[in-house]
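Got two chains here, each in a separate frame; can you build the complex from them with the hints?
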Amino acid sequence: MLVSLLLVAALPFLLFTGLYLKSFLLIHDYHLSDLLFSKEWKPASGKFGFYPFIIGSIWVTLLAMVISAPICMLTAIYVTQYTKKTMLRILHPAIDILAGIPSVVYGLWGILVIVPFISKYLGPLFGVKTMGYSILAAALVLSIMIIPFILNIIIEIFKSIPIELKEASLSLGATQWETIKHVLFKKALPGIIAAHGFGLARAFGETMAVMMVVGNVVKLPHGVFDPGYTLPALIANNYGEMMSIPRYDAALMFAALILLVVSFFFNLIMHFFIARYNKY
Amino acid sequence: MKELKIETRNLSFYYGNKLALNSVSFNMYANHVTALIGPSGCGKSTFLRTLNRMNDLIPGTRVDGEILIDGLNIYDKDIDVVNLRKKIGMVFQRSNPFAKSIYDNITYGPKINGIHKKEVLDEIVESSLKKAAIWEEVKDRLDHSALGLSGGQQQRLCIARALSVNPEILLMDEPASALDPISTGKIEELIFELKKTFTIIIVTHNMQQAARVSDYTAFFYMGEMVEYGKTKKIFTTPDKKQTEEYITGRFG
Ligand SMILES: Nc1ncnc2c1ncn2[C@@H]1O[C@H](COP(=O)(O)OP(=O)(O)OP(=O)(O)O)[C@@H](O)[C@H]1O
Ligand SMILES: [Mg+2]
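In order, the protein sequences belong to chains A and B.
The numbering used here puts the first residue of the first sequence at 1, with every later residue one more than the last.
The numbering used here puts the first residue of the second sequence at 1, with every later residue one more than the last.
With the rest of the complex left out, here is chain B (with noise of 0.2 Å):
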């Protein structure tokens, strides 16, 4: 039985006047992993942080339609933010570490939540930096701040930091972009083992990690939602010509 976590229903977006997302309505499940694809520009970032609500941020913008999570109307006036965001973790396009030590990195959510035992927190520490397959390279320099890493290793960091406060939903926005084939394959295993208790949602230009890891795929094209269905038959036997020859390589 698979369990209805996301609903999205006629979901517009504008940046002042720009349409970016035009009437999107899919669903995405628990314990599923849902691939976002679609050339440079389409909308997918847009859609993913219209989840979380990371786009109220950005002034002049404006979100039309619903987004069901857990059947509550995430835009509805009386939603409180701050804990809707608690149960969603991000993993941003660009990486963005805070200019703190590596460890402080890891506990700065655990510790807005209220988590202020050092065991507790090591232990968090720990097991976010192993699942996100960077722990053997900084175990020795946790004191070290974050900034000092390579790109790659701080894309690995970030992943770390939205696991350590256990989301009940990932969001990650092409988590491996800058991610040597070893790491990328981590990251990989890791949303496999994630899925078990998480659901992710995850933006990626990379069509075999797409087929790879995901269940679900939707493809977009120009802030359309053109084509939704099990990642098996979208890379196989898609319906829509667009779909085909985005996956083909042939545009895009």
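One chain only, chain A, in its complex shape (with noise of 0.2 Å):
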């Protein structure tokens, strides 16, 4: 058993180091920063710059969860302080559902109902020519896809909060909104912010759905409506082919190691939050 945990406790360290090896070729002939800033994705002519990507992963990820949140925090709020008991065991099954569908048919579902929905309303309402295809439509699909993973925690969040505090809000005057807003929002906080930044986690690191509809181009977004092109569907579209370009499999390695570094840290903030929310 202790083999075993600690086989499990060195597993990151272990794929840390891995994709840091196979990936020194690359980070030991460019800058770091070259590397992460500049623009040219080129392969063949040896030039890797990863920032659209970073810069597509981000605008995903961020639209994801600014489209999410609030849907989330309302959600959440009405069925734990406004609504019977009874809709909650209504949506609780409804959100295990969501929660269990493989990602590539939410991908499909993007590709059947989203992109058409952009290229044919969405964009024309905003005076926009485009395919569909784009950083939107990822970040719809995303947002869909984490708002069940999301919405689960922050109910239990508010439903773990202990009546008492509500109770001792009420006794003194204040409304329903007023005790939500002051008492178990702020009770809530840290723990709302641990399960939007898991959200946000998986987001980043989503692979299939964001692949089949963020359009897969490599040029800077200049608008939501733009295609992009995120780090990990770099990694899964090109993985195995175009291997005899030199550095190049050591490039894939090097956009696996930012997933892994990013979603290192972002663990890190999410675990500081929740031993804040503990504390209380």
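Fair warning: there could be bad hints in the mix.
Partner residues aside, some chain B positions facing chain A, computed with beta carbon under 7 Å [claimed, not checked]:
no., residue
1, Arg94
2, Phe98
3, Ala99
4, Ile112
5, His116
Keep in mind that the hints were calculated from the coordinates and are not lab data.
It should be emphasised that the depicted structure is a prediction, and the values quoted were computed from it without experimental measurement.
Beta carbons: idealized from backbone N, C-alpha and C, even for Gly.
As structure tokens, then:
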């Protein structure tokens, strides 16, 4: 048991070392800042600029968060504070089903519904000509994927707040909404942030569904209707192909390394917030 | 002259199908302390919590009968519950400070009621904490989290918080259960002080305390209000055998 424990504990480290060694060829020959901030991606001529992928990933992820955060907050508050328990009993299975759908299905649904919706309606509405395959499409699909995930956590957090706190606030003459805003929300805040953090980490690493709708164009996006490319999509689309190009596989390893480091830092921050939440 | 403040008429209360209060009727007077006594589970907290409609929060509960405060039935459809609660302070059986600083715990109620001037709030914080006999212990760490306080300190903080909004009626559910004799003594002094202006209803398991602080006592047993009267009378020559047995410690 101890051995398996140590193995699991060592896994992230092993993974990191493996990726680092595999991408060493690239890291050794280029400046880190060039790799991260150069816009030129021409592997055949030895140009490895990851900037478009990094920016693409950030856009897609942040936009997905902006869409899902308010929906999750409002839904969680509504079902835990304003409705009867039966609503929650209906919502829970729905959430679980959504959370269990494989991402390739979300991707397909994105292609069939979201992409045409954007190219036919949303784009023209904003006066933009777009194929539909875009940052926005990826963000929409992503947000639908992470909403059940975040929502579940936030509902649990609100349910775990002792009723006594609510009673204390109401007994002082606060309204239901004042109570939610000043007492419950404040109490839940570290947990809410953590929940969104986990959602964000998931969104950042999501590969398949994003890859299917984001367009996969190596270009800095100038707006949400532009296509883009993300780090996970870069790896998934290209690994195993064009391996004859020198340093190409090292570059893909480097992309994986970035993902690993980012998710590591994210988890670190989230654990900090959870520790704070548990203290209360 | 004593002024009638709260009147219950055939008050019954149900948790689902479980009858927790059975047709309780008696009066509580302004500037007097009424003690609620009785064995665990007899419905004291339930009764107290019907007075500020705190039981509304518990799903599946039902109230029958009437509670009149200042002559108005508080379970009437067009009663504004928020306003009702503004004039009724409550100290809960389990202390429940907010996850905020000591200072913010006290200013929460006043702020809700629209007081935002720093000097006024400072003044409220100091006077409330002093009344609840906790000022000396916390005056140097008002910005610390209230959750870092000991159980007894939290209980006094919650008393201070209930006082912060200057209610007309104060409901106290075992406010001294976690307190040492000195703080308990201070809280009892406070109750003497407060009853000059407030109506106080207090639940207690401590018979001496009930005898010391209250003017009237109601004895509850299994959801019924068995006996009610002047505290002196209840504690010396109760009419009912059950009351006597409970007070002398032979059951409950
Ligand atoms: N939320 C609830 N749901 C269902 N039943 C409840 C609930 N709260 C209390 N009861 C029941 O109602 C009855 C009265 O409870 P109550 O809390 O009013 O008693 P109490 O006199 O305050 O007791 P104690 O001295 O132990 O605090 C008990 O039988 C209890 O089990
Ligand atoms: Mg009780």
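Are any of the numbered hints broken by this structure? If so, which, sorted upward? 5
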